[in-house]
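2 protein chains.
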Amino acid sequence: MTVKIEPAAGASCPCCLPRRGFMRGLAGLGAGLGAAAAAASSISAQAEPARHTGLVIDCHGHYTTEPAAMLAWRKRQVDAVNDPAQSPSPSDVKVSDDEVRASVSDRQLKLQSERGISLALFSPRAGGMGHHIGNARTSLDWSIVSNDMIHRVASLMPKNFVGVCQLPQTPGVSPRNCTAELERCVKELGFVGCNVNPDPSGGYWTDPPLSDRFWYPLWEKMVELDVPGMVHVSASANRNFHATGAHYINGDTSAFMQFVTSDLFKDFPTLRLIIPHGGGAVPYHWGRYRGLAQDMKRPPLSALMGNVFFDTCVYHQPGIDLLLKVVPSDNVLFASEMVGAVNGIDPETGHAYDDTKRYVEAAALSDADRAKVFAGNALKVYPRLPDKLRAAGLVH
Amino acid sequence: MTVKIEPAAGASCPCCLPRRGFMRGLAGLGAGLGAAAAAASSISAQAEPARHTGLVIDCHGHYTTEPAAMLAWRKRQVDAVNDPAQSPSPSDVKVSDDEVRASVSDRQLKLQSERGISLALFSPRAGGMGHHIGNARTSLDWSIVSNDMIHRVASLMPKNFVGVCQLPQTPGVSPRNCTAELERCVKELGFVGCNVNPDPSGGYWTDPPLSDRFWYPLWEKMVELDVPGMVHVSASANRNFHATGAHYINGDTSAFMQFVTSDLFKDFPTLRLIIPHGGGAVPYHWGRYRGLAQDMKRPPLSALMGNVFFDTCVYHQPGIDLLLKVVPSDNVLFASEMVGAVNGIDPETGHAYDDTKRYVEAAALSDADRAKVFAGNALKVYPRLPDKLRAAGLVH
Chain A
87 MTVKIEPAAG ASCPCCLPRR GFMRGLAGLG AGLGAAAAAA SSISAQAEPA
137 RHTGLVIDCH GHYTTEPAAM LAWRKRQVDA VNDPAQSPSP SDVKVSDDEV
187 RASVSDRQLK LQSERGISLA LFSPRAGGMG HHIGNARTSL DWSIVSNDMI
237 HRVASLMPKN FVGVCQLPQT PGVSPRNCTA ELERCVKELG FVGCNVNPDP
287 SGGYWTDPPL SDRFWYPLWE KMVELDVPGM VHVSASANRN FHATGAHYIN
337 GDTSAFMQFV TSDLFKDFPT LRLIIPHGGG AVPYHWGRYR GLAQDMKRPP
387 LSALMGNVFF DTCVYHQPGI DLLLKVVPSD NVLFASEMVG AVNGIDPETG
437 HAYDDTKRYV EAAALSDADR AKVFAGNALK VYPRLPDKLR AAGLVH
Chain B
87 MTVKIEPAAG ASCPCCLPRR GFMRGLAGLG AGLGAAAAAA SSISAQAEPA
137 RHTGLVIDCH GHYTTEPAAM LAWRKRQVDA VNDPAQSPSP SDVKVSDDEV
187 RASVSDRQLK LQSERGISLA LFSPRAGGMG HHIGNARTSL DWSIVSNDMI
237 HRVASLMPKN FVGVCQLPQT PGVSPRNCTA ELERCVKELG FVGCNVNPDP
287 SGGYWTDPPL SDRFWYPLWE KMVELDVPGM VHVSASANRN FHATGAHYIN
337 GDTSAFMQFV TSDLFKDFPT LRLIIPHGGG AVPYHWGRYR GLAQDMKRPP
387 LSALMGNVFF DTCVYHQPGI DLLLKVVPSD NVLFASEMVG AVNGIDPETG
437 HAYDDTKRYV EAAALSDADR AKVFAGNALK VYPRLPDKLR AAGLVH
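Heads up: the protein sequence lines correspond to chains A and B, in order.
Residue 87 is where the first sequence starts when you use the numbering used here, and the numbers rise one by one after that.
Residue 87 is where the second sequence starts when you use the numbering used here, and the numbers rise one by one after that.
For reference, chain A alone in the conformation it holds in the complex (with noise of 0.2 Å):
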């Protein structure tokens, strides 16, 4: 596989490079790919780090902005979880073209130019899948609707968005019953990925671990398709948990024991499973995880990460430091989970503190290294994005 990219005007465009952007962009994504860019590998931590113009792919973007007509789609969906006589059906959802633009021309097309990020892997808002809620239909006709939108949000704008989807998870019912959706979305929609939810019950994790053979039908038809899986829980309906500050949180650090603990790759070789928020708790206890592999004689953390990979969703520079030092860079992939859970400035840089490109850009690395986690991984770890990008003229 080779993927060149198109150089033009402008900065913030993935198509639209200057000289300079374009050769890094070409180096690190040389380097991703297998190409040799060694030479580009000096360290470049500076006090005013260089803006990266090269290629750089968000692989963590939810539907946060959805036109208010597939949100009251949703409400009497909801309303309608004990009467299902009286529930929508799919095609009962109405929204312009005009409507899907502005609902993401403000925000994440804005955002996405001002940061230079030149596109998003878009899944359905991750608080909004809600599998929790009603019963298996109730989930097969929301994520109908879900990945749908995200559809179309991709289609019209296929150089900033790239489709991954919702499953029809339900708490009890074997994962089985999400291939058929993940399969349309992928061969009729072309999305690239999916989300998938560890505790569909909503924060009482009622159903097996990751590892347990509940879930193997849809680990083998996500290795069929070889599309690679963000590890993501919904809403938490448990009072103990703040969703975002929690729940999130807490789901990222119990799946990856769940593999530490677990033959789940020995099984499935070739799955590829992403951990967001920057992996939960893992980077910072690192060396409790390894410590705890050693204890229990489990391989070292290294025989994980051909499997495993952490985005970038961390909100503050010594965290972003962190997990750079600690986990290998051809497993950290870019992610700003932008519109996501943190939308403020933050006083102490005068920056939002989701936009983590600065903090990646700030962070000791190699260009080559660099360019890798900007967009080279993910280019690995997606192996359908590359057509997409092609297909999108970003790249060649």
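Treat the hints loosely; a few may be bogus.
Claimed, not checked - Below are the SDA-like pairs computed for lysine to any residue, each with C-alpha atoms no more than 25 Å apart in a straight line:
1) K245(A) to R193(A)
2) K383(A) to I431(B)
3) K411(A) to Q403(B)
4) K411(B) to E134(B)
5) K411(A) to G479(A)
6) K161(B) to R325(B)
7) K307(A) to K383(A)
8) K383(A) to D192(B)
9) K352(B) to A329(A)
10) K411(B) to N429(A)
11) K411(A) to G430(B)
12) K273(A) to A222(A)
13) K180(B) to R201(B)
14) K411(B) to Q403(A)
The hints are simulated quantities; they were obtained by calculation from the structure and are not laboratory data.
Add chain B to chain A, keeping to what the hints say.
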């Protein structure tokens, strides 16, 4: 309150300090207790840091090497959980003083001496509390047995151990039920703090969050007795959560977010809670928590710093460096959870993963701040501790 260290010979015992360690410990304690110590505040991060020979209080030690008779008692109790008539009485535990001494001599005492840790705040094995097993009577009897055994350890070796109690919590039962045992431990057994399990259900999180009025009778008693609590879950009965790799860390993270989103410390301005394991995921995601508080128009995290403290049970240098970089040095208490979650030798360093003293020694802290982390902060957070140290001859 003034505390002065007793100087003598030898490096590993706090009453046997060489001159340099004595002066350094004194300066640090002075700072921790409000005296001027600005002169000692030069940054001293070095490639090979000096070992800290001042007073070192490990605020997080569990009795993980219990005498066999104690564990046999628990087994009999659990076996009889459905037949209370067969349940043993707390007074049935028969362990000699020699057995108590022997239970800690090969591990805790040896490691304290080798590492230069003066003493540990010592509580029953966290994973052993098992609040989800049986009923309130089960929990009370087991807490009495466990706390009495801690009292024997601390009474026999008062220079090395100070008691912290387990509470007789039970899912669905008011924490008011714990206040008598807490009062007994503090007033009769001389304990200086308690462990509070935020999830007595063992991984299903079925009780209200710590900010709920459900917990207020316990907070009232802790304030009355002026003892802090360490927020520490017990074993996980949920397969999704590995105990020390996920459940512990999730409990820490969840508790912090409960504090961020509530007015608990407006109602209890003098309540002090320690979040162990370096605060779970919190310091790594410090920007997320600052941003979430800001988005929610909650007070800044600094508003919690009179009430919430973090320990140093983070088992690698980058994690400790991050912790001490983002959390104010007044809010970090030295701890190693020794002998605890991780027992091996880190092949990358050649030292034990849980020898956290080395990481704190190597961190970029002033000597004054380091002495606060090693001892001064604990003496403030546990107001009953200075008298214990005086009585043991560890300080004047």
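Outcome of the hint check:
1. K245(A) to R193(A): 16 Å, holds
2. K383(A) to I431(B): 13 Å, holds
3. K411(A) to Q403(B): 11 Å, holds
4. K411(B) to E134(B): 19 Å, holds
5. K411(A) to G479(A): Given pair K411(A), G479(A) is violated - Cα atoms ~34 Å apart, limit 25 Å.
6. K161(B) to R325(B): 22 Å, holds
7. K307(A) to K383(A): 31 Å, violated
8. K383(A) to D192(B): With Cα atoms ~24 Å apart, K383(A) and D192(B) stay inside 25 Å; holds.
9. K352(B) to A329(A): 23 Å, holds
10. K411(B) to N429(A): Satisfied, since the Cα-Cα distance of roughly 24 Å is no more than 25 Å.
11. K411(A) to G430(B): 22 Å, holds
12. K273(A) to A222(A): 22 Å, holds
13. K180(B) to R201(B): It is violated: about 32 Å lies between the C-alpha atoms, which goes past 25 Å.
14. K411(B) to Q403(A): 11 Å, holds
In summary, the numbered hints that this structure violates are 5, 7 and 13.
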